[in-house]
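Chains as they are written, first to last, in my numbering: chain B, 1 to 116; chain X, 117 to 274.
In case anyone wonders, no lab produced these hints; they're calculated from the structure. All of these numbers come straight from a predicted model, not from anything done at the bench. Among the hints, erroneous ones may be present.
Said to hold, decoys possible - List of simulated lysine-lysine pairs, DSS-like, C-alpha gap at most 27 Å:
id, chain 1, residue 1, chain 2, residue 2
1, X, K222, X, K252
2, X, K213, B, K99
3, X, K202, X, K252
4, X, K217, B, K99
5, X, K222, X, K189
6, X, K259, B, K99
7, X, K203, B, K97
8, B, K99, X, K189
9, X, K203, X, K252
10, X, K196, X, K259
11, X, K202, X, K222
12, X, K259, X, K189
13, B, K97, X, K217
14, X, K202, B, K97
15, B, K97, X, K222
16, X, K252, B, K99
17, X, K252, X, K196
18, X, K196, B, K99
19, X, K217, X, K259
20, X, K213, B, K97
As the list claims (entries may be wrong) - Cβ-to-Cβ under 7 Å is the rule here; a few derived chain X residues that face chain B:
id, residue
21, V194
22, A195
23, L209
24, V223
25, N227
26, T237
27, L250
Where a beta carbon is used, it is the ideal one built from N, C-alpha and C, also for glycine.
One letter stands for each residue in the lines below.
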Amino acid sequence: MMEIGLDIATWILLMAGGLLLLITGFGLLRLPDLYTRIHAGGMADTLATFLIFVGLALQSGFSLVTVKLLLVIVFVFFTSPTSSYALAQASFVAGLKPKLGEDDAPQEEPGATERE
Amino acid sequence: MLRTTSLFLVLMAVWLLLSGHYTVLITSFGVASCLFSALIAYRMDVIDRESHPLHLWPRVIVYWGWLLVEIYKANIDVAKCVLFPKKYLRPSLFETKASQKTDLGKVIYANSITLTPGTVTVDLDGDVILVHALTKGGADGIKTGDMDQRVTRLMEES
Numbered sequence: 001m002m003e004i005g006l007d008i009a010t011w012i013l014l015m016a017g018g019l020l021l022l023i024t025g026f027g028l029l030r031l032p033d034l035y036t037r038i039h040a041g042g043m044a045d046t047l048a049t050f051l052i053f054v055g056l057a058l059q060s061g062f063s064l065v066t067v068k069l070l071l072v073i074v075f076v077f078f079t080s081p082t083s084s085y086a087l088a089q090a091s092f093v094a095g096l097k098p099k100l101g102e103d104d105a106p107q108e109e110p111g112a113t114e115r116e
Numbered sequence: 117m118l119r120t121t122s123l124f125l126v127l128m129a130v131w132l133l134l135s136g137h138y139t140v141l142i143t144s145f146g147v148a149s150c151l152f153s154a155l156i157a158y159r160m161d162v163i164d165r166e167s168h169p170l171h172l173w174p175r176v177i178v179y180w181g182w183l184l185v186e187i188y189k190a191n192i193d194v195a196k197c198v199l200f201p202k203k204y205l206r207p208s209l210f211e212t213k214a215s216q217k218t219d220l221g222k223v224i225y226a227n228s229i230t231l232t233p234g235t236v237t238v239d240l241d242g243d244v245i246l247v248h249a250l251t252k253g254g255a256d257g258i259k260t261g262d263m264d265q266r267v268t269r270l271m272e273e274s
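Next up, chain B with everything else stripped away, as it sits in the complex (with noise of 0.2 Å):
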């Protein structure tokens, strides 16, 4: 009973954090200037390897492995932000300007994402 239960919630966290990460995938595409991408990989650093990382660590049994698999969630929170923080301060001082406040989102036509 309480392996079915594991079982179910492991695939519940992974189903999750692969569906974060495929919203990911097309917030990368869609979205329309760096800035905006950025925030859409922020979401893959942050919940989706949360969500998959606490599911293997169910399945892993109480062991050095459950330790280890936390520890790699702890090292990417710390370490994420940083890089995020580099690309955005790098664009930044090269100049490039963010596209704001507009009303509605446009450049999501399949021709405008197929370039990148």
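Using the hints, position chain X against chain B.
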């Protein structure tokens, strides 16, 4: 000295959790290398409030819990924005004040902003943080200053 001891204990705990080999020989190598690393760090004088922020415990656990809930909510927001950009996509760039006094506090605040999807720190100059937000809700969340207050409370001495 307290910080050096604590650094040694942290190194030792990480070594024990990651190694998985507990024979006498290997474990004594582990103890020796942790001791040596702590000694080098002590001699280099790099163990200070910034590199080993012992004074944040145990309040930082509460803050991480709160941050995890915020990350969850922000992820839902960004996912909605990606799926329905016409309705939610309102990118904005604005400045906000960081009320923390130390560099470590400002870095924790700026990194917390970046870690919640939907808001990214673009620039940190003095105590002014330049934030890029994806949605109106994300921008308003920073502008209320709730996260700023929480980091300031986390940083102050107990």
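Quick rundown of the hints versus the structure:
1. X:K222 - X:K252: holds (24 Å)
2. X:K213 - B:K99: holds (23 Å)
3. X:K202 - X:K252: holds (13 Å)
4. X:K217 - B:K99: Not OK: X:K217 and B:K99 at ~32 Å, beyond 27 Å, violated.
5. X:K222 - X:K189: With a Cα-Cα distance of about 23 Å, the restraint between X:K222 and X:K189 holds, given a limit of 27 Å.
6. X:K259 - B:K99: It holds: about 20 Å lies between the C-alpha atoms, which stays within 27 Å.
7. X:K203 - B:K97: holds (23 Å)
8. B:K99 - X:K189: Cα-Cα ~24 Å, so holds.
9. X:K203 - X:K252: Holds, because 11 Å separates the two Cα atoms, which is no more than 27 Å.
10. X:K196 - X:K259: holds (21 Å)
11. X:K202 - X:K222: The given pair, whose Cα atoms are some 34 Å apart, is violated under the 27 Å limit.
12. X:K259 - X:K189: holds (17 Å)
13. B:K97 - X:K217: Not satisfied, since the Cα-Cα distance of roughly 30 Å exceeds 27 Å.
14. X:K202 - B:K97: OK: X:K202 and B:K97 at ~21 Å, within 27 Å.
15. B:K97 - X:K222: holds (25 Å)
16. X:K252 - B:K99: Roughly 14 Å between the alpha carbons, so the hint for X:K252 and B:K99 holds.
17. X:K252 - X:K196: Status holds; Cα separation ~13 Å.
18. X:K196 - B:K99: Between X:K196 and B:K99 the Cα gap is close to 19 Å, so the pair holds against 27 Å.
19. X:K217 - X:K259: holds (19 Å)
20. X:K213 - B:K97: Holds: X:K213 and B:K97 sit about 22 Å apart, inside 27 Å.
21. V194: holds (6 Å)
22. A195: holds (5 Å)
23. L209: holds (6 Å)
24. V223: violated (9 Å)
25. N227: holds (4 Å)
26. T237: Holds, about 5 Å.
27. L250: holds (4 Å)
Consistency note: the structure conflicts with the earlier hints numbered 4, 11, 13, 24.
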